[in-house]
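A.B. asks: Input sequences plus hints: build the corresponding full structure.
Residue-level listing of the chains:
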Amino acid sequence: MAIGLEHFLILSAVLFAIGLYGVLAKRNVVVILMSIEIMLSAVNIAMVAFSRYGQFITGQVFVIFIMVVAAAEAAVGLALIIAIYRRRKTVDADKFDLMKW
Amino acid sequence: MPSELVLAIFLLPFFSFAIISFIIRPFFNHRPLLSWYVTIAAIGTSLVLSIWALIAVSGAPHHVLEMPNYEWVAIGDTVIYVGVTVDALAAAMLIVVTVVSLMVQIYSRGYMKGDGGLCRYFAFMSLFTGSMLGLVLADNLLFLFLFWEGVGLCSYLLIGFWYHKPEAARAAMKAFLVTRLGDFGFLAAILLLYTKTGTFDIGELQNLALAGAIGSTALTWAAIGIFSGAVGKSAQFPLHTWLPDAMEGPTPVSALIHAATMVAAGVYLVARMFPVFVSSTTAITTVAIIGGFTAIFAASMGLVMNDIKRVLAYSTISQLGYMMLGLGAVGVGVSSGAISLEAGLALGVAVGIFHLFTHAFFKSLLFLGAGSVSHATETFDMREMGGLRKAMPWTFIMFVIASLSLAGIWPLAGFWSKEGILAESLHYVPVLFYLAIITVFMTAFYMFRVIFLTFGGEYRGQAHGNHGLHESPLVMLLPMGVLTVLAVVAGFLGVNEFLGGESHSFFGALTHSLAWTSLIWAAGGIFLAYAIYGAKWLSAASLRQRFAPIYTLLSRKYWFDELYERLFLMRFLIDGFFAVLHWFDDHIIDGAVNGIAGGTVAAGSVVRKLETGQLQAYGLAIFIGILVIVAFVFIFN
Amino acid sequence: MGLQIAFWILAVVSVVAALAVVSLRNIFRAALFLILCFFAIAGIYVTMGADFLAGAQVLIYVGAIGVLIIFAIMLTREGREGSPSGRLRVPALLIALIFLITMVLVVTGTDWGAVTEGSSGPTTSAIAEAIFGEDSGFVLAFEIAAALILAAIIGAIVLVRDK
Numbered sequence: 001m002a003i004g005l006e007h008f009l010i011l012s013a014v015l016f017a018i019g020l021y022g023v024l025a026k027r028n029v030v031v032i033l034m035s036i037e038i039m040l041s042a043v044n045i046a047m048v049a050f051s052r053y054g055q056f057i058t059g060q061v062f063v064i065f066i067m068v069v070a071a072a073e074a075a076v077g078l079a080l081i082i083a084i085y086r087r088r089k090t091v092d093a094d095k096f097d098l099m100k101w
Numbered sequence: 001m002p003s004e005l006v007l008a009i010f011l012l013p014f015f016s017f018a019i020i021s022f023i024i025r026p027f028f029n030h031r032p033l034l035s036w037y038v039t040i041a042a043i044g045t046s047l048v049l050s051i052w053a054l055i056a057v058s059g060a061p062h063h064v065l066e067m068p069n070y071e072w073v074a075i076g077d078t079v080i081y082v083g084v085t086v087d088a089l090a091a092a093m094l095i096v097v098t099v100v101s102l103m104v105q106i107y108s109r110g111y112m113k114g115d116g117g118l119c120r121y122f123a124f125m126s127l128f129t130g131s132m133l134g135l136v137l138a139d140n141l142l143f144l145f146l147f148w149e150g151v152g153l154c155s156y157l158l159i160g161f162w163y164h165k166p167e168a169a170r171a172a173m174k175a176f177l178v179t180r181l182g183d184f185g186f187l188a189a190i191l192l193l194y195t196k197t198g199t200f201d202i203g204e205l206q207n208l209a210l211a212g213a214i215g216s217t218a219l220t221w222a223a224i225g226i227f228s229g230a231v232g233k234s235a236q237f238p239l240h241t242w243l244p245d246a247m248e249g250p251t252p253v254s255a256l257i258h259a260a261t262m263v264a265a266g267v268y269l270v271a272r273m274f275p276v277f278v279s280s281t282t283a284i285t286t287v288a289i290i291g292g293f294t295a296i297f298a299a300s301m302g303l304v305m306n307d308i309k310r311v312l313a314y315s316t317i318s319q320l321g322y323m324m325l326g327l328g329a330v331g332v333g334v335s336s337g338a339i340s341l342e343a344g345l346a347l348g349v350a351v352g353i354f355h356l357f358t359h360a361f362f363k364s365l366l367f368l369g370a371g372s373v374s375h376a377t378e379t380f381d382m383r384e385m386g387g388l389r390k391a392m393p394w395t396f397i398m399f400v401i402a403s404l405s406l407a408g409i410w411p412l413a414g415f416w417s418k419e420g421i422l423a424e425s426l427h428y429v430p431v432l433f434y435l436a437i438i439t440v441f442m443t444a445f446y447m448f449r450v451i452f453l454t455f456g457g458e459y460r461g462q463a464h465g466n467h468g469l470h471e472s473p474l475v476m477l478l479p480m481g482v483l484t485v486l487a488v489v490a491g492f493l494g495v496n497e498f499l500g501g502e503s504h505s506f507f508g509a510l511t512h513s514l515a516w517t518s519l520i521w522a523a524g525g526i527f528l529a530y531a532i533y534g535a536k537w538l539s540a541a542s543l544r545q546r547f548a549p550i551y552t553l554l555s556r557k558y559w560f561d562e563l564y565e566r567l568f569l570m571r572f573l574i575d576g577f578f579a580v581l582h583w584f585d586d587h588i589i590d591g592a593v594n595g596i597a598g599g600t601v602a603a604g605s606v607v608r609k610l611e612t613g614q615l616q617a618y619g620l621a622i623f624i625g626i627l628v629i630v631a632f633v634f635i636f637n
Numbered sequence: 001m002g003l004q005i006a007f008w009i010l011a012v013v014s015v016v017a018a019l020a021v022v023s024l025r026n027i028f029r030a031a032l033f034l035i036l037c038f039f040a041i042a043g044i045y046v047t048m049g050a051d052f053l054a055g056a057q058v059l060i061y062v063g064a065i066g067v068l069i070i071f072a073i074m075l076t077r078e079g080r081e082g083s084p085s086g087r088l089r090v091p092a093l094l095i096a097l098i099f100l101i102t103m104v105l106v107v108t109g110t111d112w113g114a115v116t117e118g119s120s121g122p123t124t125s126a127i128a129e130a131i132f133g134e135d136s137g138f139v140l141a142f143e144i145a146a147a148l149i150l151a152a153i154i155g156a157i158v159l160v161r162d163k
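Residue numbers (our numbering), protein chains in the order written: chain A, 1 to 101; chain B, 1 to 637; chain C, 1 to 163.
Calculated from the structure, these hints are not laboratory results.
Predicted, not measured: the structure shown is a model, and the values here were computed from it.
Just so you know, even glycine gets a beta-carbon here, dropped at the ideal spot from N, CA and C.
Keep in mind that a hint or two might mislead.
Claimed, not checked - Only some residues are given here: those of chain B computed to face chain C with a beta carbon under 7 Å:
hint, residue
1, Gln616
2, Phe623
3, Leu627
4, Val630
C.D. replies: Structure representation (structure tokens):
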């Protein structure tokens, strides 16, 4: 069968769900960051799919900006992780509960 | 007479109060006599205006001046009016209040000399005089009650004038609270009458009551309520306990407030509302009975007191009982049909108020005399006095004249007014007449006991060491002199007729057997006092031992203070009823409030377990929320 | 036809790689699988005709972000831990599945009005036109993105420097 918009969108949804699981369920913060990148990539796929099947270029333009933001966020996030690691000697998300009651 | 000037009669002392409080006290405290000048000016002017009013009233038809009504407050459909009434009753009262007040203020200049709180003193005196005049002039019950409370307040302030003395503070509190009990009944009665008739106006209420437009049960309760206010204010049984203690205040205060004016307000109230009272037999009989009983009850306690002012206080209570008896007796006559309504209304008011009129003069004079004595001996205890007639001749003479007037000796003023009361009570309530005639004996006895103990014999006290006792200064003696003159001639001024009573001829009165009866009883009292305290044929000490139980009963004031304070107040109310309320407040009300707080805290400590601090849990919650929203959209679309 | 095969292979590879990322205990291997996932996604871009974006994906994601992640793993190495699962794995699994099902239902249930004609050649100039052209206005966003990167760089430096 022909590859249609729905295929790409479902692929995007699957990748997003996987990333979501990773964000909520893993304890290592670097893995959480990796999962966030997966989620962002999934969104990119959806954007490009719409751009391709809607015949306008704006989707791809937006993907560029998403990539920019993802890169910036990854940089800052990893810097944060390193800073936290230096302080707490751990990257276990369960241990970061200073906001606990 | 223009109505503004009538208003000025009671507004001028209020202005005086304001000026003293807001200008003189803050800025001129180093010259306190300024407040004296202001007070004298205000009250003097009020006196002049009162005389004018008196003349105008005697010339007016029916002895009533028409005064306009002002609309004071309108709430929806109900409108409350205020105005003043100037009739014979009001005019007579105005004279009493202004004259006695002015004399007392002049006297105070000498008596209160050097006191640190002079400005405060005259301010309160002015406030009191203004309130009393307003009370007399008010034509509706609401404003009357307003000024009623005003005089009560001033009484409290002035009894507790030397507030650093604990007895004075306690006495002031006691006075206020006991009269409050009466005022509660009064207010309830006012409101009851308002709900039944829709008006506060005294004239309208009188007409409605006479016409029978108010239901008899409501009328009786209202009248009894009004009377309870009078009982409180006039220190009748059973609310009499505050007046003897009120003697802690300065003597001029006792003379003005607790002899002549404020305590007379109760009698005035009954006289003012007399038509309402006679329309209810129960109420008017109560008035008579309480009046008659109080007269002898208080007189019995006055027999054994050692403090001059206490004796005079009990004498005041007793005489007020006489006034109530007079009003009540005639009222009983009216309601039983023995005398016509119109005649009875006038006669009752005349009888009661005539005695109020004369009593104001000689009683205040007696108090001023007691103050004069204490000025020299620095005590009020008669056991430390004696022989003062040599050192203080003027005081002595005036005191004796006043006592004779009080005892009802012809031809002094007290004789005429007391005769009126004795005559009416004999006529309509004979039982009470017998009590009253015994009281005549007691009155004469205790007054002359005071005279013999204070002025007779030799000086027993320790004051003034070497330079001896001296007469009081002129500024104190002159007002006493004026009052003495009035105590003598007040019977001949035609007040009785002015108020609506019957006239008596000067010598003709001596032809009635009643007159001789009372004169003999009075003379007997004087003679017995002479026997015990003057010539000492009988020893007071041995009499005291012989009649020890009676003596204890009387000197402990029939244990009424203990009854009220220890038993009722402490045990019954404080430990009982109030303790229940206290428990209620602590456990239920506070319990509810604290319970809500505690519950909130407990709920919070449960809910805060959700705050794990772990972001993943929060993220999960966010996503769950998103899915819920999506589900909602799905379902409702 | 070729497109379809390519798509399916790439799709499967990317999904499997993503699953590996979230389930492997060894972080380093998870990072390598992430990079594989990025490559596969770049391939998917190609199947959609977004050539520029495919290049950008490789450059940015693989080249920069992937390397950054490996750096971070190296610098925060913990001996035993690795990448265990947290306490919330069951609820997270549930939520992820429900989310997935919802999205699938939405996607298949909507009429997208898609046009299935072929892709239209190189996109670079089209993208450039769109961003910098006179009619469309993404220049501001572009500039802001540049500022954002600057801020991110400064922020990262500040966060990590030794006091």
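A.B. asks: Work down the list of hints and note, for each, if the structure agrees.
C.D. replies: Verification of the supplied hints:
Below 7 Å, beta-carbon pairs count as interface contacts, and Gln616 (chain B) has one with chain C at about 6 Å; its hint therefore holds. For Phe623 (chain B), the interface hint holds, the least distance from its beta-carbon to any beta-carbon of chain C being 5 Å, beneath 7 Å. Evaluation of the Leu627 (chain B) hint against chain C yields a held restraint, the C-beta minimum of about 6 Å falling below 7 Å. About 6 Å separates the beta-carbon of Val630 (chain B) from the nearest beta-carbon of chain C, less than 7 Å, and the hint is met.
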